[in-house]
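A.B. asks: Taking the hints into account, I'd like the entire structure generated from these sequences.
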Amino acid sequence: MELGERIRYFRRKCGYSMEGLGEALGVSRQTIHRYESGVIENIPRAKIARMAELFGTTSAGLLGFEDPIFAMDGVLPIRRRRIPILGEIACGMPVYADEQIESYAVESDGLDADFCLRARGDSMTGARIYDGDLVFVRACSSVENGEIGVVIIEDEATLKRVYYYPEREKLVLLPENAAYEPLVYLGSELEQIKIIGKAVAFQGRL
Numbered sequence: 001m002e003l004g005e006r007i008r009y010f011r012r013k014c015g016y017s018m019e020g021l022g023e024a025l026g027v028s029r030q031t032i033h034r035y036e037s038g039v040i041e042n043i044p045r046a047k048i049a050r051m052a053e054l055f056g057t058t059s060a061g062l063l064g065f066e067d068p069i070f071a072m073d074g075v076l077p078i079r080r081r082r083i084p085i086l087g088e089i090a091c092g093m094p095v096y097a098d099e100q101i102e103s104y105a106v107e108s109d110g111l112d113a114d115f116c117l118r119a120r121g122d123s124m125t126g127a128r129i130y131d132g133d134l135v136f137v138r139a140c141s142s143v144e145n146g147e148i149g150v151v152i153i154e155d156e157a158t159l160k161r162v163y164y165y166p167e168r169e170k171l172v173l174l175p176e177n178a179a180y181e182p183l184v185y186l187g188s189e190l191e192q193i194k195i196i197g198k199a200v201a202f203q204g205r206l
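Under my numbering, the first residue of the sequence shown is numbered 1, with each subsequent residue one higher.
The hints are simulated quantities; they were obtained by calculation from the structure and are not laboratory data.
Take these hints with a grain of salt, some might be off.
Quick list of the computed label-pair ranges, beta carbon to beta carbon [to be verified]:
no.: 1; residue 1: R12; residue 2: G126; range: 25 to 35 Å
no.: 2; residue 1: S141; residue 2: G187; range: 11 to 21 Å
no.: 3; residue 1: G15; residue 2: T58; range: 15 to 25 Å
no.: 4; residue 1: K170; residue 2: R12; range: 49 to 59 Å
no.: 5; residue 1: E19; residue 2: E167; range: 22 to 32 Å
no.: 6; residue 1: G61; residue 2: G38; range: 28 to 38 Å
no.: 7; residue 1: K170; residue 2: H33; range: 48 to 58 Å
no.: 8; residue 1: V39; residue 2: Q203; range: 47 to 57 Å
no.: 9; residue 1: E169; residue 2: N42; range: 16 to 26 Å
no.: 10; residue 1: T58; residue 2: P166; range: 24 to 34 Å
Subject to a maximum C-alpha distance of 20 Å in a straight line, what follows is the list of computed EDC-like cross-link-like pairs (lysine to aspartate or glutamate) [said to hold, decoys possible]:
no.: 11; residue 1: K194; residue 2: E147
no.: 12; residue 1: K47; residue 2: E36
no.: 13; residue 1: K194; residue 2: E156
no.: 14; residue 1: K170; residue 2: D133
no.: 15; residue 1: K13; residue 2: E2
no.: 16; residue 1: K194; residue 2: D155
no.: 17; residue 1: K47; residue 2: E147
no.: 18; residue 1: K47; residue 2: E5
no.: 19; residue 1: K47; residue 2: E23
no.: 20; residue 1: K47; residue 2: E2
no.: 21; residue 1: K194; residue 2: E169
no.: 22; residue 1: K170; residue 2: E181
no.: 23; residue 1: K194; residue 2: D114
no.: 24; residue 1: K13; residue 2: E36
no.: 25; residue 1: K170; residue 2: E144
no.: 26; residue 1: K13; residue 2: E53
no.: 27; residue 1: K13; residue 2: E23
no.: 28; residue 1: K170; residue 2: E154
no.: 29; residue 1: K170; residue 2: E147
no.: 30; residue 1: K170; residue 2: D114
no.: 31; residue 1: K170; residue 2: E191
no.: 32; residue 1: K194; residue 2: D131
no.: 33; residue 1: K170; residue 2: D131
no.: 34; residue 1: K170; residue 2: E189
Ideal Cβ positions, reconstructed from N, Cα and C, are used throughout, including at glycine.
C.D. replies: This is how it looks when you write it as structure tokens:
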């Protein structure tokens with residue numbers, strides 16, 4: 001079942017008209033029709049999350065990421081999740097943050113990740129993350145010091161180890177490659193910084 005069909009199914013199941021759902025999402029009836037017909041495929045994540053909330057499900061459930069691929073009597077099913085790939089993340093200097101879904105990765109549902117990004121550059125090779133690797137990310141607004149975070153700087157995104165010192169109003173984004181200098185932000189500069197996730201796994205290419 002395609003995403004548009006799932007949206008239509010949940011909308012009808014929950015008793016929403018197109019107009020009603022559009023009003024709840026802050027979009028027009030025509031936009032809902034385009035969602036359901038598949039004309040609009042790259043639905044913003046915020047809209048997906050809001051629809052899931054209205055429908056009493058999760059974003060993963062609405063997107064159809066949880067699908068059993070094997071089941072027999074007396075045997076637990078092996079389950080897979082389709083995790084959206086949202087574009088590239090810089091392992092070097094920050095690159096533009098594009099939140100449109102470009103494809104999907106299929107992984108075990110035991111992996112606690114909400115989306116993937118394709119690594120670009122070589123600043124994280126010390127963490128064994130290389131150019132072209134797929135980085136699995138759990139969405140969150142903060143990480144512990146020393147963890148690898150996905151960081152938005154204005155409208156650009158980068159992947160670095162994060163060290164935050166609130167008492168000094170200082171944020172250090174540390175690469176894992178001696179060829180790159182740390183990125184340091186102080187005071188009011190922190191207002192342009194937003195953490196959107198924590199790297200939890202990566203998948204390399206042979």
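A.B. asks: It remains to establish, for every hint, whether it holds in the given structure.
C.D. replies: Checked hints:
1. R12 x G126: 25 to 35 Å: About 51 Å separates the Cβ atoms of R12 and G126, which means 25 to 35 Å is violated.
2. S141 x G187: 11 to 21 Å: holds (20 Å)
3. G15 x T58: 15 to 25 Å: holds (20 Å)
4. K170 x R12: 49 to 59 Å: Between K170 and R12, where Cβ atoms are some 52 Å apart, the hint holds.
5. E19 x E167: 22 to 32 Å: violated (51 Å)
6. G61 x G38: 28 to 38 Å: violated (19 Å)
7. K170 x H33: 48 to 58 Å: holds (49 Å)
8. V39 x Q203: 47 to 57 Å: violated (32 Å)
9. E169 x N42: 16 to 26 Å: About 37 Å separates the Cβ atoms of E169 and N42, which means 16 to 26 Å is violated.
10. T58 x P166: 24 to 34 Å: Since T58 and P166 have Cβ atoms about 32 Å apart, the given range 24 to 34 Å holds.
11. K194 x E147: With Cα atoms ~15 Å apart, K194 and E147 stay inside 20 Å; holds.
12. K47 x E36: holds (13 Å)
13. K194 x E156: Answer holds: K194 to E156 is near 10 Å, not above 20 Å.
14. K170 x D133: The given pair, whose Cα atoms are some 30 Å apart, is violated under the 20 Å limit.
15. K13 x E2: Holds - the C-alpha atoms of E2 and K13 are around 16 Å apart, at most 20 Å.
16. K194 x D155: holds (10 Å)
17. K47 x E147: violated (29 Å)
18. K47 x E5: holds (16 Å)
19. K47 x E23: holds (12 Å)
20. K47 x E2: holds (17 Å)
21. K194 x E169: holds (14 Å)
22. K170 x E181: With a Cα-Cα distance of about 16 Å, the restraint between K170 and E181 holds, given a limit of 20 Å.
23. K194 x D114: Holds - the C-alpha atoms of D114 and K194 are around 17 Å apart, at most 20 Å.
24. K13 x E36: This hinted pair holds, its Cα atoms lying about 14 Å apart.
25. K170 x E144: holds (14 Å)
26. K13 x E53: Given that 20 Å is the threshold and the Cα spacing comes to 14 Å, the pair holds.
27. K13 x E23: holds (17 Å)
28. K170 x E154: holds (17 Å)
29. K170 x E147: Roughly 16 Å between the alpha carbons, so the hint for K170 and E147 holds.
30. K170 x D114: violated (28 Å)
31. K170 x E191: holds (11 Å)
32. K194 x D131: violated (23 Å)
33. K170 x D131: violated (29 Å)
34. K170 x E189: holds (9 Å)
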